[in-house]
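Chemist: Sequence:
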Amino acid sequence: MSATARAEARRKAILGRGTDRLSKLTTTARGEDAPAYLNADTPPRTAAASFVGEAPSIPPPPDMPSPYSFGNTGLGGAAPDPSVWSEEHQRQFLQALMGGAANSPQFPQPQISAAASNGTTAPLPGDPFAAMMDSLQQMDPSRGGATGKIPTPPTPTKPPSVVQKFTPLLHILCTWLILGFFVLFKEPQTLVERSGGFSESFWKRWAELAWRSSSIEGWGVQFVPFMWAFMTVQIMLHSIRIYTGNNQVQPPILLALAMPHLPPPFPSIITNGLRYIRMGGAILDDLSAVIFGIGMVVLIAGWFAG
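All residue numbers for the sequence shown refer to UniProt numbering, where the first residue is 1 and numbers rise by one.
Derived by calculation from the structure, the hints in this document are not laboratory data. C-beta: ideal position from N, C-alpha, C; glycine also. Don't take every hint at face value.
[As the list claims (entries may be wrong)] Pairwise CB distance ranges (calculated):
1. Ile172 x Arg91: 55 to 63 Å
2. Met279 x Leu254: 21 to 29 Å
3. Ile277 x Leu97: 37 to 45 Å
4. Ala229 x Ile277: 43 to 51 Å
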């Protein structure tokens with residue numbers, strides 16, 4: 001081959017390489033629509049490009065199939081792929097994730113078929129979605145009752161009845177009635193018995209409690225067995241609460257979650273302890289009502305005594 005022929009071959013190879021690179025850049029910029037704007041297939045280059053070493057090292061990109069093909073979704077003639085989820089499977093998966101834990105009405109959720117909801121049908125061996133749905137249904141707390149599932153959480157407490165609402169008011173009324181009986185009847189009677197018929201002004205004796213003790217000279221407010229009567233009434237009131245079922249306690253959330261995992265003696269001990277704490281709090285409330293009532297008696301007696 002002469003020098004002129006070799007120079008001509010080299011020039012054609014350089015031109016062909018530039019055209020090939022320009023076509024690749026144009027195809028990459030246009031994307032999948034590039035074949036619509038291109039002409040016929042590029043004619044094969046001459047063997048001179050391979051001879052001079054100008055052939056590109058990067059092969060052309062292979063033809064990619066369409067991402068939305070009917071064969072992958074199971075709508076074509078071929079068998080459906082078990083790893084591809086249909087729209088119904090996605091809705092069931094969303095229901096399993098959001099329906100059991102939140103139980104929120106603002107998320108409309110379709111019903112799962114009976115074969116999937118009762119848990120008796122074994123999942124298909126070739127369907128990974130069926131196995132995942134079966135495990136999620138077993139972890140769903142709203143479908144408790146079966147073996148191996150998480151127990152159903154306790155039902156919400158009922159609204160308090162009329163008796164439960166007025167129980168604190170009943171305690172205060174009983175406490176003030178006992179206080180009024182001892183202040184108006186029992187204490188003056190005790191003073192008359194101890195003084196031999198001498199009776200000082202009622203309002204004056206109670207008004208003096210504002211600045212001195214009742215034991216001075218023995219003619220002040222007399223000591224009466226008020227606490228015995230108070231404790232007797234407290235026992236009666238708490239017995240009524242126990243017999244009417246009004247002594248139920250609700251432990252804190254963290255304690256309620258930990259109690260099922262404790263050994264048998266401890267849950268009952270904790271429950272009874274909370275009941276006694278509640279009973280002690282009610283007794284303290286009634287004592288506070290007694291102190292308030294005595295203070296009001298002293299204040300009113302000071303007004304009437306001048």
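Chemist: Each hint should be assessed against the structure and marked as holding or not.
Modeler: Hints and how they fare:
1. Evaluation of the 55 to 63 Å hint for Ile172 and Arg91 yields a pass: the beta carbon distance comes to about 57 Å.
2. Checked against the hint of 21 to 29 Å, the C-beta distance between Met279 and Leu254 comes to roughly 23 Å, which is consistent with it.
3. At about 40 Å, the beta-carbon gap between Ile277 and Leu97 stays in the expected band of 37 to 45 Å.
4. Distance hint for Ala229 and Ile277: a CB-CB separation of about 25 Å, inconsistent with the stated range 43 to 51 Å.
Consistency note: the structure conflicts with earlier hint 4 alone.
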